[in-house]
Amino acid sequence: MELIDQLFVLLKQAILKTSESFLPPVFLPFLSILISITAIALFAPLTMMYLTWLERKVIARMQNRFGPNRVGIYGLLQPIADGIKMLTKEDVVPLGADRVVHFLAPVAVVVPSLLLFSVLPFGRGMTAVNLDIGLLFFIAVSSIGTLAIFMGGWASRNKFSLLGAMRALAQMISYEVPLVLSVVPVVMMTGTLSTQKIVEAQAGWRGFHWYLFTPWGVVGFLIFFICSVSEVNRTPFDIPEGESEIVAGFHTEYSGMKFALFYMAEFLGAFAYSALGATLFLGGWQGPLLPSWLWFGLKTFFLVFVMIWLRGTFPRLRVDQLMSYAWKFLLPMALVNILAAGIWHYLSFPLSLIVSASVLLIGFIALSRLAPTGTRLEKRVYRYAE
Amino acid sequence: MLFFYLLATLTVLGALGATLMKNLIHCALCLILFFLGIATFYILLGAEFIAAVQILIYVGAVATLVLFAIMLTQNVVGETTLKGLGQNRWWALGLTAAVIGILGSAIHHQRFSAASYAGRLTTQEIGQALVVVYALPFEVVSLLLTGAMIGAIVIAMEDRKKKQ
Amino acid sequence: MNTIPLTHFLMLAAVLFAIGLYGVLVRKNVVIVLMGIEIMMNSANLNFIAFSKFYSASRVTGQIFTLFGITIAAAEVAVGLALVIAIFRQAKTVEVQEIDTLKG
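Protein chains in written order, with this note's numbering: chain X, 1 to 386; chain B, 1 to 164; chain P, 1 to 104.
Chain X with its partners taken away, still in its complex shape (with noise of 0.2 angstroms):
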């Protein structure tokens, strides 16, 4: 058991070990990070090409339909056709784009996408970063990814594009500040940044002792996962690239592989996103009987299961709509959360349970009747052409 568990980190080992036969050990570091980077750049690939499938078959069954099934059994080949079609596809440029940012745009979406993996808590052990700062590494990256999209709507000259590309970046910088707010109780109660360490100060009592099952777990859980369902533009928060409104928003004038590297910056995103929740609310590979990698795998895709089921079945919410639900309702929630957590932290059971419930229940009910979020309905007005 012990031996299936450690499986990654024992390989690692020997491979570092028969290395250290035949080379200078002033590469050994470099050798140790290169194994975790070649094996986080093979596994994420793979992941994003199994995600779409994934998507494609979980939709169409809600949508009662088949998915793909003809390229292989279930349609498992699937993703490696659409990689075919996405590379001999023509590189399009529009004239008047700026080459040099048209270039860039996709390369610095990907890029800070496939950085994030580094700091998550893959198992026990199994961090390829471990930075003392993990979950603040993880968000100042992401912010980053913003920007490129901004860019690769820029670039291409085009009205739709930067269109959705401001609407974009107004969207992922307004859900972030309550991403980071609705991650502070964690921080608060664990005393660190690191994800291992929050991942080890969530163990004990069968599972009892995840963040989840407190008050300010539940709350902080719930704005955690809807900002990041918009961190990554998925539906229903897809305005940006809104597939039947501004025909495909910041990615209209990319063709072949630059949109394949869009569409893998947006699952790895949303991999990534999952795993961090994961890891803070859920306990991330704590777990009785399976090997720890396992239960990691299992709760991240249960969570992306989540998000493909709400692509599935909300409908898109509108730019006015989306930004006064994140300031308007998400902002003081996550800060009522913190209120309550910390009234968690210094009263003693059953008070502290009662008290911060009451807390976020009191703020749940007031911003909800308080909270102007949208136009009031009126009576209609017909006008005839007279």
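Keep in mind the hints are simulated off the structure, nothing from the lab. All residues carry an ideal CB built from backbone N, CA and C; glycine is no exception. Worth double-checking, as some hints may not be accurate.
Label-pair ranges, simulated between beta-carbon atoms [what the hints assert, rightly or not]:
no.: 1; chain 1: X; residue 1: LYS17; chain 2: P; residue 2: ILE72; range: 44 to 54 angstroms
no.: 2; chain 1: B; residue 1: GLU158; chain 2: X; residue 2: LYS328; range: 12 to 22 angstroms
no.: 3; chain 1: P; residue 1: TYR55; chain 2: X; residue 2: ILE84; range: 54 to 64 angstroms
Fit chains B and P to the supplied structure of chain X, relying on the hints for placement.
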């Protein structure tokens, strides 16, 4: 050592691009390169927390603001008009060279002690210092930020009454 | 990385400061002038961090100062850009020479 020169070259190129380029969006993108270069220097100097904060605030927020300001004050689609360099560029060049000269000579003539702290400063020490020793500046800065936020929104808001 | 002497960092900060100064003095567009100011503030922050590693009494002072510096610079650039947008609405231009209604 090679690392330092490489990163220094990138950072200086970013700063030069931000001040000299003709296309405004290219200026803003070189500014982003500059901010990232400074963040890597912070990591070299053992200040990881400040590096992450730098990326989060400068690249994530300030660069976005600058891009929005460029967009809102120019022709949005089409040629970004070249705002060229002014006539007094030789005076400015001379002044710049003088500044580098003065600062450089001050640095090289100073005898710095060889003390250097190995290792990194943990986030906990920074947090401790912020709320124990520097609590008053912390509160004042939060008031400043609130005031700046409200002020910026009020200044940039359109005049609703004029539209009628 | 302890082999890089302090003077290298200080020279780099001085060069960056000078580049920012050149940008402030020479460019016509107000937004680029604000960008130059940001470059200057960043080079000053680099100085602080360099000194906090090499030469300070309490280890944490330089980094706290830098944290406050980053915060204040962000607040300043926000208000500055809001002013630029308001001026653009009024004067329909963002060139530094054209905005001279207060001139005597």
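Against the structure, the hints:
Between LYS17/X and ILE72/P the beta carbons are some 51 angstroms apart, a value that agrees with the proposed interval 44 to 54 angstroms. Taking 12 to 22 angstroms as the suggested C-beta distance range, the pair GLU158/B and LYS328/X conforms, at roughly 20 angstroms. Between TYR55/P and ILE84/X the beta carbon distance is about 59 angstroms. The supplied range of 54 to 64 angstroms therefore holds.
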